[in-house]
Each structure stands twice: as structure tokens, then as C-alpha cells.
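Visitor: For reference, the chains in residue letters:
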Amino acid sequence: MRRWIVLVVMLIVMVGLTIWTTSVGDIGIFHAFTYADIFTHTKDHLIMVFWAVLIAVIVGVPLGTLVTRPGFSRISPLVLGGANIGQSIPSLAIIAIMATLPFSLFFFDFGFNRETAIVALFIYGLLPIVRNSYASMNNINPALIESARGMGMTRWQIIRKIELPLAMPVIMTGIRVSTVITVGTAELAVLVGGKGLGTITFTGVFAREVLLIIQGAAPTAFLAVSLGIILESIEKWITPRGMKIKVKNS
Amino acid sequence: MIKLEKVTKVYADGTKAVDEMSFEVDQGELCVFLGPSGCGKTTTMKMINRLIPITGGNIYIDGVDNTKINASELRRNIGYAIQEIGLFTHMTVGQNIETVPVLKGWSKSRRRERAEELLELVRMKPSEFIDKYPNELSGGQRQRVGVARALGTDPPILLMDEPFGAIDPINRVELQSEFLKIQQKIKKTIIFVTHDIYEAIKMGDRIALMKDGKLVQYDTPANLLYRPKDEFVEGFVGADRALKGLQLLRVKEVMTGTYATAKMGEKTEVVRERMEKEGIDWLPVVDNSGRFTGGVSISDLTGGRAKTVKDVITPSEAKSDINAVLNEALSLMLSSGLKTLPIVVEDNRLAGILTFDAIQETLHEAVKTGGTK
Chain U
1085 MRRWIVLVVM
1095 LIVMVGLTIW
1105 TTSVGDIGIF
1115 HAFTYADIFT
1125 HTKDHLIMVF
1135 WAVLIAVIVG
1145 VPLGTLVTRP
1155 GFSRISPLVL
1165 GGANIGQSIP
1175 SLAIIAIMAT
1185 LPFSLFFFDF
1195 GFNRETAIVA
1205 LFIYGLLPIV
1215 RNSYASMNNI
1225 NPALIESARG
1235 MGMTRWQIIR
1245 KIELPLAMPV
1255 IMTGIRVSTV
1265 ITVGTAELAV
1275 LVGGKGLGTI
1285 TFTGVFAREV
1295 LLIIQGAAPT
1305 AFLAVSLGII
1315 LESIEKWITP
1325 RGMKIKVKNS
Chain V
21 MIKLEKVTKV
31 YADGTKAVDE
41 MSFEVDQGEL
51 CVFLGPSGCG
61 KTTTMKMINR
71 LIPITGGNIY
81 IDGVDNTKIN
91 ASELRRNIGY
101 AIQEIGLFTH
111 MTVGQNIETV
121 PVLKGWSKSR
131 RRERAEELLE
141 LVRMKPSEFI
151 DKYPNELSGG
161 QRQRVGVARA
171 LGTDPPILLM
181 DEPFGAIDPI
191 NRVELQSEFL
201 KIQQKIKKTI
211 IFVTHDIYEA
221 IKMGDRIALM
231 KDGKLVQYDT
241 PANLLYRPKD
251 EFVEGFVGAD
261 RALKGLQLLR
271 VKEVMTGTYA
281 TAKMGEKTEV
291 VRERMEKEGI
301 DWLPVVDNSG
311 RFTGGVSISD
321 LTGGRAKTVK
331 DVITPSEAKS
341 DINAVLNEAL
351 SLMLSSGLKT
361 LPIVVEDNRL
371 AGILTFDAIQ
381 ETLHEAVKTG
391 GTK
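The listed protein sequences derive, respectively, from chains U and V. Residue numbers in the first sequence follow our numbering, run continuously in steps of one, and reach 1334 at the last position. Residue numbers in the second sequence follow our numbering, run continuously in steps of one, and reach 393 at the last position.
Mixed in with the good hints, there may be bad ones.
Below, in silico cross-link-like pairs of lysine-lysine (DSBU-like), each with a Cα-Cα straight-line distance of 35 Å or less [what the hints assert, rightly or not]:
1) V/Lys207 to U/Lys1245
2) V/Lys88 to V/Lys124
3) U/Lys1245 to V/Lys88
4) U/Lys1245 to V/Lys128
5) U/Lys1320 to V/Lys128
6) V/Lys207 to V/Lys272
Honestly, the hints are just simulated from the structure, not real lab data. Please read all numbers here as calculations on a predicted model, not as lab measurements.
Using the sequences and the hints given, assemble the complete structure.
Guide: Below is the structure:
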């Protein structure tokens, strides 16, 4: 309950700051961004986050699952370590490195554009998803898998009917953490031509105008907090009811 | 039904878990795999439904080599129950029981009907339990659901891996008895793995006693107890094997059927004379329709006055059902201090009495002859 009060107060403060900085109009020799600007940049921001997290899920969940399979367990340190490195490189560096890549890969045309930003964000957001998928799939009670096998489920049926539903809550936590991180990191996307709310913030940074920085930062924080709340609700909603019940002693 | 022929399991590191095991389990029989941990009993069982691949020999199910059948298909036709932890926590009791029916593509209504039928069989009220989750049940209830799930599509064979191992002793005894009753109805061919000799004797039609991956003795519980093949078997069944044999006998096999009784309305002197003539100091009392009502001992009858049995009866004494296992009846005799235990059939009708002498004689006979079940 107290946590919810804090979250709601934070959201109200962020909205308040956004309205205040936008209503100031002229800031020194600069003009504040309009609501229409904020709306456009928020939309760009969300699009980048959406694609980056979506790709991270598409890649991360199967990857985290794959390395829990018997034949692949040996490469699990490699995969988890790789994802770890992805996150331990400063986000700014990843984004900068991506912008300098002079080639095209699949449908991505690297360079000074949004696709580059999305790939950089994807690399940065991959770890929580891979790590949580791996941990949750690896922690499923072996007795359940054995009884599923013993009853004649195929490998794929076991993954689909037993392992994924049981691992889902933890995987969703990974997706939520990844999303919140990516919303913050996407501020930097503007540096490689990705636009988003970073456009406002960095205009403030280069102009040395605190109000402009706040005008970009406040909506970003609002996005991060509200997406976190939404994803947490989804997490609770998809957790199978049987798993929320505490074990009764015999 | 199930035939093992020189079944061998050698692991990649060279350890021989099962070594040329050969025997047959007949249709409708409950065969217990018994032995100390590491004897290969679970490994052998899991080779039957191919959870563990066989490395030598053959296993035939109804004459068909089990490696010739698709593994998933094979397993769907063999019920499988492990300890209660094997239930899927994210599914309801009904969904758990419907697991194999779903895999076999049964229609929704047929599955539901079957789940309800099976819950009835394990004596759980379908309307109350079918939509509950495993975590809402007690350990004993979860185990019942586990058994019901194994029976999902009515497979002819059941494999049970220490199914009652995680249950507390009191509930375990109850579940065992109940499962035996169910087995009388369903007559499945069952492989039952346990390391508990008491459980093995109680449950098994036959026991396969294993040691270090080898079959030591494959026999009826009575023969295992009274005709141990070697020192290992003797040691495993224990020095108290005669006492363990009490579990194999039913009260009706030991009791004395025709026995003097006292009637409620009889004069005490008449009863006393009868007791003195027979040389006994206690008589069960029955009412006019033969129902057991209590007992009189000779010390109650010394008074000489013209009383009836009704005035001196000690009512509601300990008694045992005619179908009870002998060790339960004996235990009751020891705890109640009775030298003679009245045996009743349904409706509380007196059927006979049980004495220490009779028990001793029967056990002595069993040890001498090898026992019969």
C-alpha cells in the first residue's frame, strides 16, 4: 500500500514537472518544447523501446531456455556471460559503437538512424530476459518434468504445457526490468539519430538549460514508472492461480 | 504381461545399475520392487516405460518388445505415479487428472466425466475438489490425486515409484489399505517400488527383492518371510520376520469360530457353570439377535444371587472386524489387556473369538510350512 502511494506521488510529480516546464514558454534565449513536441518524442521513444524489448524477448526467452537443455548446458556460461558483458559496457559506449558500424545486417542498415539505436537498446536490455528465462526454466522441480515425461508428453509438450507456464512469472519480471532499463537508456538514442525524449533532454544539456533537461527527463521517468506498473499487473495476471496459493501442510 | 529378460543397465561411466534381471509379472498382479537404496529397483522400473534407456536385454509388454513402441505412445498407455510432489501446481486437480486423456485427444466432456469418476474412486468428492489446485490439498489428498491421474485413461499397467513415501505414517497406512481396496476393483498390473519392507509385505502379491542390481529373490511375501533364499534376504526381512508375518494374515484365518457365549437374559449361575465346565474365565455376551454387546468374566459372577447376565455385563468391550489384519487385532489385545478378543462381522454380529494361543499356533505353523497367503 505504501509502495503504491509512493508510485502515485512520483507519477503526479513527473506530470507536474512536465506541465510546469512546458508552460514556461521562453527559457532564456530558448523556447520550451510544446505538448505536440513532447507527444511526438514520447511516441518515438515508445516505438524504440517496444522494438528493442520485443526483439530481446524473441531472442532472450528461447536462448535462456535453450541453454537449460541437457545438450546445451555447457554453453550456458557463455550465453549468460555474453549477455552480462552486453550490460556491463556503459550504455553510452554501446550506442556509440553501434553508430560506427559501417555495414548492413539483415534489415538493419547501421549508421546514424533509429534502427541502430534499437539494436543497441536490444543488446543492453537482453540480459535480464536471458538471465530470468534461464534461472526460471532451470529451477523447475525435476519431479514435475519427470512425471510429465512418464505420462507420455513429448519434449515440446513439456516445454509448452509445464515449463513455460511455471516459468512465466519470473520471465515476465525479466521483461519488466528490461523494459524499465530500456526506457532510461533510450534517452541516449538521440546521439545516434534515434530521436525520442532524449532529443529534449540533450537540447537542454547542450544549451545548459536545466528546465529543458527536466522537460525531457520528467516524461521519461513517467514512462519508466508507469510501464513498470503496467507490466507488474500483467505479471500478476498471467501467474497461474495455482502458483499463488501457499502450500498447505498435510 | 510384463516380462524382463536379462535386463541390464550400464551407465556411461561404467557403473552397472541393473545386472541381467529376468522375471515376469502376471496380469492383475501387484509386484513390489524392494531393496536398499542403490539396488536398481527404480532404474528397473523406469526402463519399463523407457524413462531410462535399456542397455542390455529386453522388456516385453504383452509380448511386444517395448523398444519397438514409440516412447511417448508407450508411456501414455502405462500409468505413472510418483510422490505427491509430481502434481502440476499450475493446473487444477481436474486438469492434472486429465493430462493423459488430453494427450490422447479425448473430448472435453469425456475427460471431465473420467476425472469425476476417478475422484470418486479415490474417495474425493468431485464437486469439492475438481477445481482446486494441488497446493490447496493436504499431502494425503495430493497423493490420491496422483493415483487418480495415473489411472487417467484406464491403462492396464501402473508404475508407482514410492508413491506413499512422502506421507506421514498414519496417513500412509490408510492410503495403502485404500489403494489395496481400489486394486481389488481395478485389477491392474502394478509395479510398486519401495524400500519399506512393511509396505512391501502389505501391498505385494509378489516381491522382487533386489541387491546391487541383481534379483535376489522373487517370491510371495510369505515365502520371502518364511523361506528366505539366503542370508541377505534373511537379514533384510529382519529377525522379527514372524511378527511381520502378522500382516499377511487376516483375523478370519486365525479365529475360533464356534465358541460358548452368554445371553443377556441368562441367569448368572447357569453362565458360571458353563464357564467352569469349559475351563475358561471370560465369555462374550450377545443379545437375542446375536449382536455382540459386551463380556462377562468369572469374577463378576461370584455372588450367588439370582441375577441375570444383564446386571453384571461389562459393555462395549474392544473387538475386531473379521477382515482386519492380524497385527491390528493382536495390538488391540495387547493394549486392552484382553486375553480373548471378540470378532464381529457387519452389524456387530459375533463371529468368533481370537486368542493368543491361536495366534501363536498359526505363526508357528507358518514358519514351519512356509506360510500361505
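Visitor: Mind checking the alpha carbons of U/Lys1320 and V/Lys128 for me, to see if they're no more than 35 Å apart?
Guide: 28 Å, holds
Visitor: Holds or violated: are the alpha carbons of V/Lys88 and V/Lys124 at most 35 Å from each other?
Guide: 19 Å, holds
Visitor: Take a quick look at whether U/Lys1245 and V/Lys128 sit within 35 Å of each other, Cα to Cα.
Guide: The hint holds at about 17 Å.
Visitor: Decide if the proposed pair is consistent with the structure: V/Lys207 and V/Lys272, CA atoms, cutoff 35 Å inclusive.
Guide: Holds - the C-alpha atoms of V/Lys272 and V/Lys207 are around 23 Å apart, at most 35 Å.
Visitor: Between U/Lys1245 and V/Lys88, does the CA-CA distance stay at or below 35 Å?
Guide: 27 Å, holds
Visitor: Are the Cα positions of V/Lys207 and U/Lys1245 separated by 35 Å at most?
Guide: Holds, at roughly 31 Å.
In summary, the structure agrees with every hint in the numbered list given earlier.
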